[in-house]
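Student: This is what each chain is made of:
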Amino acid sequence: MEQLKFDYPSASRHVTKKAHVGVVGSGDMEILMEPSPTGTAHVSILTSVNGFSSSWKAVLDRFFAKYEGAVRIHINDAGATPGSVMLRLEQAVEVIEQ
Amino acid sequence: MSNTNIFPPFVARRSFIELSARERAQSLMDSGSWRELVGPFERIESPWLPEQGIAPQSDDGCVVLKGKIAAKPAVVVALEGGFQAGSMGEVSGAKMTATLDLAARDCQNGTTTAAVLLLETGGVRLQEANLGLAAIAEVMASLLALREHAPIITVIAGTVGCFGGMSLVAGLSSYIVMTPEARLGLNGPEVIEQESGVEEFDSSDRPLIWAINGGEQRVGMGVADELVVDDAERIAAAIQRYVKAGFPVVHRSQQVELYRNRIAALDTSKQFDPFSLRESWNNKKKEGVAR
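Chains A and B, in that order, are what the protein sequence lines are.
So in my numbering the end of the first sequence lands on 98, straight run, no missing numbers.
So in my numbering the end of the second sequence lands on 389, straight run, no missing numbers.
Please note: incorrect hints may appear among the correct ones.
Reference excerpt, derived from the structure (chain A facing chain B, CB under 10 angstroms, subset only) [as the list claims (entries may be wrong)]:
no., residue
1, Gln3
2, Lys5
3, His20
4, Asn50
5, Asn76
Lysine to aspartate or glutamate pairs mimicking EDC-like chemistry, simulated, CA-CA at most 20 angstroms apart [said to hold, decoys possible]:
no., chain 1, residue 1, chain 2, residue 2
6, A, Lys57, A, Glu2
7, A, Lys18, B, Glu140
8, B, Lys170, B, Asp199
9, B, Lys166, B, Asp128
10, A, Lys5, A, Glu68
11, A, Lys17, B, Glu140
12, A, Lys17, B, Asp128
13, A, Lys17, A, Glu97
14, B, Lys164, B, Glu121
15, A, Lys18, A, Glu94
16, A, Lys17, B, Asp199
17, A, Lys18, B, Asp199
18, B, Lys164, B, Asp128
19, A, Lys57, A, Asp28
20, B, Lys170, B, Glu140
21, B, Lys170, B, Glu331
22, A, Lys5, B, Glu143
23, A, Lys18, B, Glu143
24, B, Lys164, B, Glu134
25, A, Lys18, B, Glu331
26, A, Lys18, A, Glu34
27, B, Lys170, B, Glu143
28, B, Lys166, B, Glu134
29, A, Lys57, A, Glu68
Hints are computed from structural coordinates only; laboratory data are not their basis.
Treat the numbers as computed from the prediction; the structure is a model and nothing was measured.
Even for Gly, the Cβ is constructed at its ideal location relative to N, Cα and C.
Whenever a hint applies, use it, and build me the whole structure from the sequences.
Tutor: Structural data, given as structure tokens:
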């Protein structure tokens, strides 16, 4: 069990909606995405798989290279692969930006 | 030229099984009538799972909606089979109990409120042990209080099925709706095989499992009420009918003598087959064609 936190100060565009996607099943995860109270993006991750902090950072860096919404993200993870993580993030954005 | 007619009819159906617990619950309520109670953003998670190295879920795999079905007040509680096999922990159990209590309170205040339980669950969440057992006992107590006032409709769609302590909850409800893919039983096939050996029950034998626990057999035996194909619209229509019908005069679980006599009459000296059981218990040999 590992808790990770990342901040993305450059993501500061105001958002208004919330999104909840995914399920904490094997190889999957859930995302809670909502407007950030500080005005910039924050990510917290609770994962049952230890030792993949750099992989999480790489996926999130790539995600926030394109996405500029000031969101607070919480992820409960049951071993999603980096590809699944990116798809879930994009799915949450689809909900929040529609 | 349109070639849509080359597709079999099930292609046009909206599968209920493929929906998440939240989508299932939403699909059953009158559009725009519902709101979710204790939703994922309230973050009421299991405090016990992280201590055991397991990621929790923000709704603990239990979705509660309050709204209307067929224009009548109703609550829907849906268990998410994808999270810990829909198992009942302290939080998910408390959510289900509180929802049934809320409906009972509304009934007592003059607003008859039906409850629909979407059970995809292996029963008690073993990681939460006694708290899970206690939670199911509380659910049953609250269910018995509510069914004096309003119908409780259990839906078992699949693919997890409904086992363990939650099969008792299903048994206490007013009506049970199943799909042919669903299973209902007290001990799951793996549990029986582990406890009594593969000679007793081969948990890899799918035809055997469905011949005993499957929706067609359970409805055929008369221990569940209706077999519906995996179609969100048809399942919603069945539930609307039961909500309108109200609770039955006598619940199945009150017919103790009937079932005691049936079990006493079984000839255990020879192996009885699923069809003869349907015939002797329900007088309907070929019952079980999904509507």
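Student: With reference to the structure, classify each hint as holding or not holding.
Tutor: Checked hints:
Annotation: interface hint on Gln3/A holds; nearest CB of chain B at approximately 9 angstroms, less than 10 angstroms. Restraint check, Lys5/A versus chain B: the minimum CB separation of about 16 angstroms is more than 10 angstroms; hint violated. Proximity of His20/A to chain B holds as hinted, the smallest CB-CB distance being about 5 angstroms (cut-off 10 angstroms). At about 9 angstroms, the closest approach between the beta carbon of Asn50/A and any beta carbon in chain B falls short of 10 angstroms, and the interface hint on this residue holds.
Of the supplied interface hints, the one on Asn76/A holds, with its beta-carbon coming within about 5 angstroms of a beta-carbon of chain B, less than 10 angstroms. Our distance criterion of 20 angstroms between C-alpha atoms is met by Lys57/A and Glu2/A, whose separation comes to about 14 angstroms. At most 20 angstroms may separate the alpha-carbon atoms for a hinted pair to count; Lys18/A and Glu140/B meet this at roughly 12 angstroms. Restraint check: the Cα-Cα separation between Lys170/B and Asp199/B comes to about 18 angstroms, which is no more than 20 angstroms; the hinted pair holds.
Of the supplied pair hints, the one linking Lys166/B and Asp128/B holds, its CA atoms being roughly 6 angstroms apart against a limit of 20 angstroms. For a cut-off of 20 angstroms, the pair hint linking Lys5/A to Glu68/A stands: about 18 angstroms separates their Cα positions. Of the supplied pair hints, the one linking Lys17/A and Glu140/B holds, its CA atoms being roughly 15 angstroms apart against a limit of 20 angstroms. For the suggested pair Lys17/A and Asp128/B, the alpha carbons sit about 23 angstroms apart, so the restraint of at most 20 angstroms is broken.
Note on Lys17/A and Glu97/A: the hinted pairing holds, with a Cα-Cα distance of about 7 angstroms set against a maximum of 20 angstroms. For a cut-off of 20 angstroms, the pair hint linking Lys164/B to Glu121/B stands: about 14 angstroms separates their Cα positions. At most 20 angstroms may separate the alpha-carbon atoms for a hinted pair to count; Lys18/A and Glu94/A meet this at roughly 11 angstroms. Between Lys17/A and Asp199/B the alpha-carbon distance is near 32 angstroms, which puts this suggested pair outside the 20 angstroms criterion.
Proximity of Lys18/A to Asp199/B is assessed by CA-CA distance (about 29 angstroms); at most 20 angstroms being required, the pair is judged violated. Pair hint Lys164/B plus Asp128/B holds up; C-alpha atoms about 11 angstroms apart against a cutoff of 20 angstroms. Between Lys57/A and Asp28/A the alpha-carbon distance is near 18 angstroms, which keeps this suggested pair within the 20 angstroms criterion. Taking the CA atoms of Lys170/B and Glu140/B, the gap is near 27 angstroms; set against the 20 angstroms cutoff, the hint is violated.
Straight-line distance between C-alpha atoms of Lys170/B and Glu331/B comes to about 18 angstroms, which keeps the hinted pair within the 20 angstroms bound. Restraint check for Lys5/A and Glu143/B: the C-alpha separation of about 19 angstroms stays at or below 20 angstroms, so the hint holds. Taking the CA atoms of Lys18/A and Glu143/B, the gap is about 18 angstroms. The hint holds against a cut of 20 angstroms. Our distance criterion of 20 angstroms between C-alpha atoms is met by Lys164/B and Glu134/B, whose separation comes to about 6 angstroms.
At roughly 28 angstroms between alpha-carbon atoms, Lys18/A and Glu331/B are farther apart than 20 angstroms, so this suggested pair is violated. Straight-line distance between C-alpha atoms of Lys18/A and Glu34/A comes to about 4 angstroms, which keeps the hinted pair within the 20 angstroms bound. Pair hint Lys170/B plus Glu143/B does not hold up; C-alpha atoms about 31 angstroms apart against a cutoff of 20 angstroms. A threshold of 20 angstroms between alpha carbons decides the hint, and for Lys166/B with Glu134/B the separation of about 12 angstroms falls inside it, so the pair holds.
Proposed proximity of Lys57/A and Glu68/A is supported: the alpha carbons are some 16 angstroms apart, at most 20 angstroms.
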